[in-house]
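Enquirer: Going down the list, the sequences are from chains A and B.
Going by my numbering, the first residue of the first sequence is number 129, and it counts up by one from there.
Going by my numbering, the first residue of the second sequence is number 115, and it counts up by one from there.
Calculated directly from the structure, the hints in this document are not laboratory data.
Note that the structure is a prediction, hence the values are computed from the model and not measured.
Hints are supplied without guarantee of correctness; some may be wrong.
Derived BS3-like pairs: lysine-lysine, alpha-carbon spacing no greater than 30 Å straight-line [said to hold, decoys possible]:
hint	chain 1	residue 1	chain 2	residue 2
1	B	K305	A	K315
2	A	K256	B	K145
3	A	K289	A	K315
4	B	K279	A	K315
5	A	K305	B	K279
6	A	K261	A	K197
7	A	K305	B	K374
8	B	K306	A	K277
9	B	K295	A	K367
10	B	K336	A	K261
11	B	K195	B	K121
12	B	K306	A	K365
13	B	K122	B	K145
14	B	K374	A	K316
15	A	K347	B	K261
16	A	K384	B	K279
17	A	K202	A	K256
18	A	K401	B	K374
19	A	K367	B	K189
20	B	K261	A	K305
21	B	K171	A	K277
22	A	K256	A	K238
23	A	K401	B	K356
24	A	K277	B	K381
25	A	K365	B	K295
26	A	K316	B	K356
27	B	K189	B	K261
28	A	K365	B	K305
29	B	K132	A	K315
30	A	K238	B	K132
31	A	K245	A	K206
32	B	K279	B	K189
33	A	K142	B	K261
34	A	K409	B	K381
35	A	K384	B	K374
36	B	K132	A	K367
37	A	K347	B	K295
38	A	K305	B	K330
39	A	K305	B	K356
Listed below, chain by chain, are the residues.
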Amino acid sequence: MSIIVDHLTYIYAKDTAYETRAVDDVSFVINDGEYLGILGATGSGKSTLIQTLNALLIPDSGTVYFDGKDIFDKDYDKKELRGNVGLVFQYPEHQLFETDVFTDVCYGPKNLGLSQKDAELRAYEALKLVGFKDEDFYQSPFDLSGGEKRKAAIAGVLAMKPRVLILDEPTAGLDPKGRWEILELIKKIREETGITILLVSHSMDDVAENAERLIVMYKSHLVFDDSPVNVFSHYEKMKEIGLDVPQVMQVLLELKRRGFPVETDRITLNDVKSEILRLLKR
Amino acid sequence: MNLIEVKKLIYEYIRRDKDGNVDGITTAIDKVDLDISQGDFVAILGHNGSGKSTLAKHLNAIYFPEEGVVYVDGKDTSDPKNIWDVRQTTGMVFQNPDNQIIGSIVEEDVGFGPENMGIAPEEIWDRVEESLEAVGMYEHRERSPRKLSGGQKQRVAIAGIVAMKPKCIVLDEPTAMLDPKGRADVIRTIKKLNRENSITIILITHNMEEVVDADKVYVMDKGRLVMQGSPREIFSQVDELKEIRLDVPQITELAYELNKEGIPLPKGILSREELVEELCRLL
Numbered sequence: 129m130s131i132i133v134d135h136l137t138y139i140y141a142k143d144t145a146y147e148t149r150a151v152d153d154v155s156f157v158i159n160d161g162e163y164l165g166i167l168g169a170t171g172s173g174k175s176t177l178i179q180t181l182n183a184l185l186i187p188d189s190g191t192v193y194f195d196g197k198d199i200f201d202k203d204y205d206k207k208e209l210r211g212n213v214g215l216v217f218q219y220p221e222h223q224l225f226e227t228d229v230f231t232d233v234c235y236g237p238k239n240l241g242l243s244q245k246d247a248e249l250r251a252y253e254a255l256k257l258v259g260f261k262d263e264d265f266y267q268s269p270f271d272l273s274g275g276e277k278r279k280a281a282i283a284g285v286l287a288m289k290p291r292v293l294i295l296d297e298p299t300a301g302l303d304p305k306g307r308w309e310i311l312e313l314i315k316k317i318r319e320e321t322g323i324t325i326l327l328v329s330h331s332m333d334d335v336a337e338n339a340e341r342l343i344v345m346y347k348s349h350l351v352f353d354d355s356p357v358n359v360f361s362h363y364e365k366m367k368e369i370g371l372d373v374p375q376v377m378q379v380l381l382e383l384k385r386r387g388f389p390v391e392t393d394r395i396t397l398n399d400v401k402s403e404i405l406r407l408l409k410r
Numbered sequence: 115m116n117l118i119e120v121k122k123l124i125y126e127y128i129r130r131d132k133d134g135n136v137d138g139i140t141t142a143i144d145k146v147d148l149d150i151s152q153g154d155f156v157a158i159l160g161h162n163g164s165g166k167s168t169l170a171k172h173l174n175a176i177y178f179p180e181e182g183v184v185y186v187d188g189k190d191t192s193d194p195k196n197i198w199d200v201r202q203t204t205g206m207v208f209q210n211p212d213n214q215i216i217g218s219i220v221e222e223d224v225g226f227g228p229e230n231m232g233i234a235p236e237e238i239w240d241r242v243e244e245s246l247e248a249v250g251m252y253e254h255r256e257r258s259p260r261k262l263s264g265g266q267k268q269r270v271a272i273a274g275i276v277a278m279k280p281k282c283i284v285l286d287e288p289t290a291m292l293d294p295k296g297r298a299d300v301i302r303t304i305k306k307l308n309r310e311n312s313i314t315i316i317l318i319t320h321n322m323e324e325v326v327d328a329d330k331v332y333v334m335d336k337g338r339l340v341m342q343g344s345p346r347e348i349f350s351q352v353d354e355l356k357e358i359r360l361d362v363p364q365i366t367e368l369a370y371e372l373n374k375e376g377i378p379l380p381k382g383i384l385s386r387e388e389l390v391e392e393l394c395r396l397l
């Protein structure tokens with residue numbers, strides 16, 4: 129089953145002088161088990177878009193179907209939806225509040241109405257999944273390092289057993305190793321649970337290395353919905369809309385401009401390396 | 115005399131339990147020596163928790179040395195009577211622009227610093243205009259900062275510092291929350307302030323691409339300065355950097371990987387142009 133976003137429009141401060149269309153007539157499909165990247169400059173509408181996916185924001189027109197059902201239907205169970213579509217906000221560690229990590233992670237499932245015991249089982253599983261050691265379960269979340277805090281916050285969402293996990297810039301502010309760990313963790317969560325991933329990112333390199341498909345937003349509109357290779361082939365348009373293409377791909381583009389017979393549809397470091405080696409051994 | 119002199123600086127965070135007993139001590143800065151001359155563009159790298167931000171906060175008297183000494187423009191930061199001079203000499207810009215903006219209109223926000231310093235109103239206006247022009251935000255002077263993008267807000271925050279005419283600006287991960295364009299605009303602004311207004315820049319960042327034009331790069335790990343040199347010298351040590359949880363720019367990594375495959379490329383390639391030039395030589 130999948131999520132279908134159908135002609136979705138969201139307007140802030142409607143009927144006032146400050147009226148802004150944050151999302152304008154956006155349609156796309158999220159397939160089950162997919163790893164989808166969402167790109168767009170600040171203010172392009174990404175965050176508004178993902179908040180409509182679990183009904184935190186209610187669109188002005190258009191709708192979202194989850195498993196074929198309209199999530200904005202008045203009879204639709206929003207609580208269940210928020211368990212199914214887990215949203216990890218930017219800087220999720222700011223939302224940790226309990227006295228120890230384990231209690232914090234129990235909060236989500238308990239809110240879904242699970243018994244204490246079931247909530248604890250879920251919390252245990254989620255913390256194991258993100259790689260927490262047993263002895264760290266009862267640490268204060270505030271004594272953890274930045275990367276660990278973020279993992280604890282992700283566990284808090286995973287404990288609700290969502291089928292779709294939306295992460296809004298999960299690597300922002302982390303150092304390179306922390307960034308790598310979070311990206312590897314997302315990959316692992318996906319492999320072990322088959323969960324659908326939506327990764328909102330400002331890093332072209334991160335989505336190039338990880339996502340299977342990209343949605344690109346620009347000024348409230350969806351401008352691209354395609355494979356990363358195809359999206360990045362529009363490198364001039366990408367720059368125009370405040371984004372970029374992976375650094376390594378730009379090396380190939382520059383070689384091509386200088387007349388070398390090189391394929392430019394390579395976006396990961398490994399693929400670019402192979403292409404340069406092929407060119408050199410010609 | 116260097117603008118900034120740090121001598122054998124030690125700073126420890128002491129953790130206490132709920133009864134006030136000492137629970138543990140973390141040495142955030144461990145005998146750091148550092149000299150920065152007027153007009154330099156210096157970058158400080160290091161993973162989270164390596165001590166970079168703690169060091170930065172010593173440079174404008176937010177923190178005071180526990181051992182060792184920090185001189186800013188010849189003044190000892192731990193002497194209470196120097197605090198205001200030190201804070202006027204080095205301005206700080208933090209990661210999140212939303213936490214740094216207080217005015218409801220851009221030019222008001224930029225004028226806040228000089229106003230606090232007791233500058234005459236006419237001069238405040240001159241400074242506000244100059245600073246907004248320096249960061250390329252003059253045409254937005256009458257807008258509400260809330261309506262600006264992250265990169266624009268961050269440039270307004272920088273203008274607010276520039277208006278106080280500091281000799282040095284310390285920027286602690288100023289681009290971490292920005293999109294690629296916002297990031298490029300902020301970095302371009304920082305380089306311009308360094309070049310045209312001769313303001314000393316100390317840039318703390320995780321983004322290796324941002325430091326390739328620095329005059330000097332310092333690398334911190336576990337509270338110590340473990341490497342220093344030109345960007346080229348630093349980034350030619352790919353293995354050493356990876357060992358302390360750091361990265362190299364993606365282009366440098368590509369060149370390094372090609373090198374491992376037997377392609378004779380020089381070490382520490384930093385830019386795309388450079389790599390393309392080297393490859394063309396081989397083709």
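Enquirer: For every hint, state whether the structure bears it out.
Expert: Okay, the hints, checked on the actual structure:
no.	hint	verdict
1	B:K305 to A:K315	violated, 37 Å
2	A:K256 to B:K145	violated, 39 Å
3	A:K289 to A:K315	holds, 16 Å
4	B:K279 to A:K315	violated, 48 Å
5	A:K305 to B:K279	violated, 37 Å
6	A:K261 to A:K197	violated, 39 Å
7	A:K305 to B:K374	holds, 22 Å
8	B:K306 to A:K277	violated, 37 Å
9	B:K295 to A:K367	holds, 8 Å
10	B:K336 to A:K261	holds, 23 Å
11	B:K195 to B:K121	holds, 20 Å
12	B:K306 to A:K365	holds, 27 Å
13	B:K122 to B:K145	holds, 4 Å
14	B:K374 to A:K316	holds, 29 Å
15	A:K347 to B:K261	holds, 14 Å
16	A:K384 to B:K279	violated, 46 Å
17	A:K202 to A:K256	violated, 37 Å
18	A:K401 to B:K374	holds, 11 Å
19	A:K367 to B:K189	violated, 46 Å
20	B:K261 to A:K305	violated, 34 Å
21	B:K171 to A:K277	holds, 23 Å
22	A:K256 to A:K238	holds, 18 Å
23	A:K401 to B:K356	holds, 20 Å
24	A:K277 to B:K381	violated, 37 Å
25	A:K365 to B:K295	holds, 13 Å
26	A:K316 to B:K356	holds, 22 Å
27	B:K189 to B:K261	violated, 40 Å
28	A:K365 to B:K305	holds, 26 Å
29	B:K132 to A:K315	violated, 39 Å
30	A:K238 to B:K132	holds, 29 Å
31	A:K245 to A:K206	holds, 24 Å
32	B:K279 to B:K189	holds, 17 Å
33	A:K142 to B:K261	holds, 16 Å
34	A:K409 to B:K381	holds, 21 Å
35	A:K384 to B:K374	holds, 24 Å
36	B:K132 to A:K367	violated, 53 Å
37	A:K347 to B:K295	holds, 14 Å
38	A:K305 to B:K330	holds, 23 Å
39	A:K305 to B:K356	holds, 9 Å
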